[in-house]
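Enquirer: The listed protein sequences derive, respectively, from chains A and B.
Residues in the first sequence are numbered from 0 upward in steps of one, following numbering that gives the first Met the number 0.
Residues in the second sequence are numbered from 0 upward in steps of one, following numbering that gives the first Met the number 0.
Just so you know, these hints were derived from the structure itself, not from any lab.
Worth double-checking, as some hints may not be accurate.
For identical chains, the list gives no copy identity; a pair is met inside one copy or between any two copies.
[To be verified] The list that follows gives simulated cross-link-like pairs (lysine-lysine, BS3-like), each with its CA atoms no further than 25 Å apart:
#1 Lys33 / Lys4
#2 Lys57 / Lys4
#3 Lys4 / Lys41
#4 Lys57 / Lys33
#5 Lys33 / Lys22
#6 Lys15 / Lys33
#7 Lys10 / Lys33
#8 Lys22 / Lys41
There are 2 protein chains.
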Amino acid sequence: MHDLKWSPSEKAAARKAFDQAQKRELEVVIREVKNRANRLDKWSDLWELERYLTECGKEVDSKYDYRYSVLLMVFGRLIREGLLSEQELHGLAEDNLGYIRLVATL
Amino acid sequence: MHDLKWSPSEKAAARKAFDQAQKRELEVVIREVKNRANRLDKWSDLWELERYLTECGKEVDSKYDYRYSVLLMVFGRLIREGLLSEQELHGLAEDNLGYIRLVATL
Chain A
0 MHDLKWSPSE KAAARKAFDQ AQKRELEVVI REVKNRANRL DKWSDLWELE RYLTECGKEV
60 DSKYDYRYSV LLMVFGRLIR EGLLSEQELH GLAEDNLGYI RLVATL
Chain B
0 MHDLKWSPSE KAAARKAFDQ AQKRELEVVI REVKNRANRL DKWSDLWELE RYLTECGKEV
60 DSKYDYRYSV LLMVFGRLIR EGLLSEQELH GLAEDNLGYI RLVATL
């Protein structure tokens, strides 16, 4: 694992970016649930919606892990998935950004 | 348990009433999900919706049991819950209707 050192200002920048990505993800999920709700027609549609929410819960739990030991990986994934831009990580140390960029390309 | 005898015409009437009640229940649940979807705002709202759907699934599974051995109880409950009217059970034998009425008052 990358050797991690987080200054207070880096921590603040990281928290802000993390919350921003999670807010975006929430908006995406809410939009999807509303779309599915509008198309509900039969029982199986309801159970599919239930499954979708269950999967969402698992994914969100695993994706938004704010431990500093895994945060660069988390940010890399969020950039890869389009939930965060590199510009929003402004304030992080250059070596941390380099590692995030690397993870984003995986 | 009530002694059950179902003629072919009673079975047809029972099936029709059962399907009608289940269709109504589906409409109620879909309406509720749409209302909840419109009010979604935060993660916990999503997980509450998931729990609601899970509970619905369990209730629907237990409520809509078409075994003839329990069907009079099922109809009694559906009348009690306003998902079926006695008129919609027209075609069932009078002793079966009497039993359903009794269950409906429980």
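Enquirer: Compare the structure with each hint and give your call.
Expert: Here is what the structure says about each hint:
no., hint, verdict
1, Lys33 / Lys4, "neither (41 Å within a copy, 47 Å between copies)"
2, Lys57 / Lys4, "neither (29 Å within a copy, 49 Å between copies)"
3, Lys4 / Lys41, "neither (53 Å within a copy, 32 Å between copies)"
4, Lys57 / Lys33, "both (20 Å within a copy, 23 Å between copies)"
5, Lys33 / Lys22, "both (16 Å within a copy, 22 Å between copies)"
6, Lys15 / Lys33, "neither (27 Å within a copy, 32 Å between copies)"
7, Lys10 / Lys33, "neither (34 Å within a copy, 39 Å between copies)"
8, Lys22 / Lys41, "between (31 Å within a copy, 9 Å between copies)"
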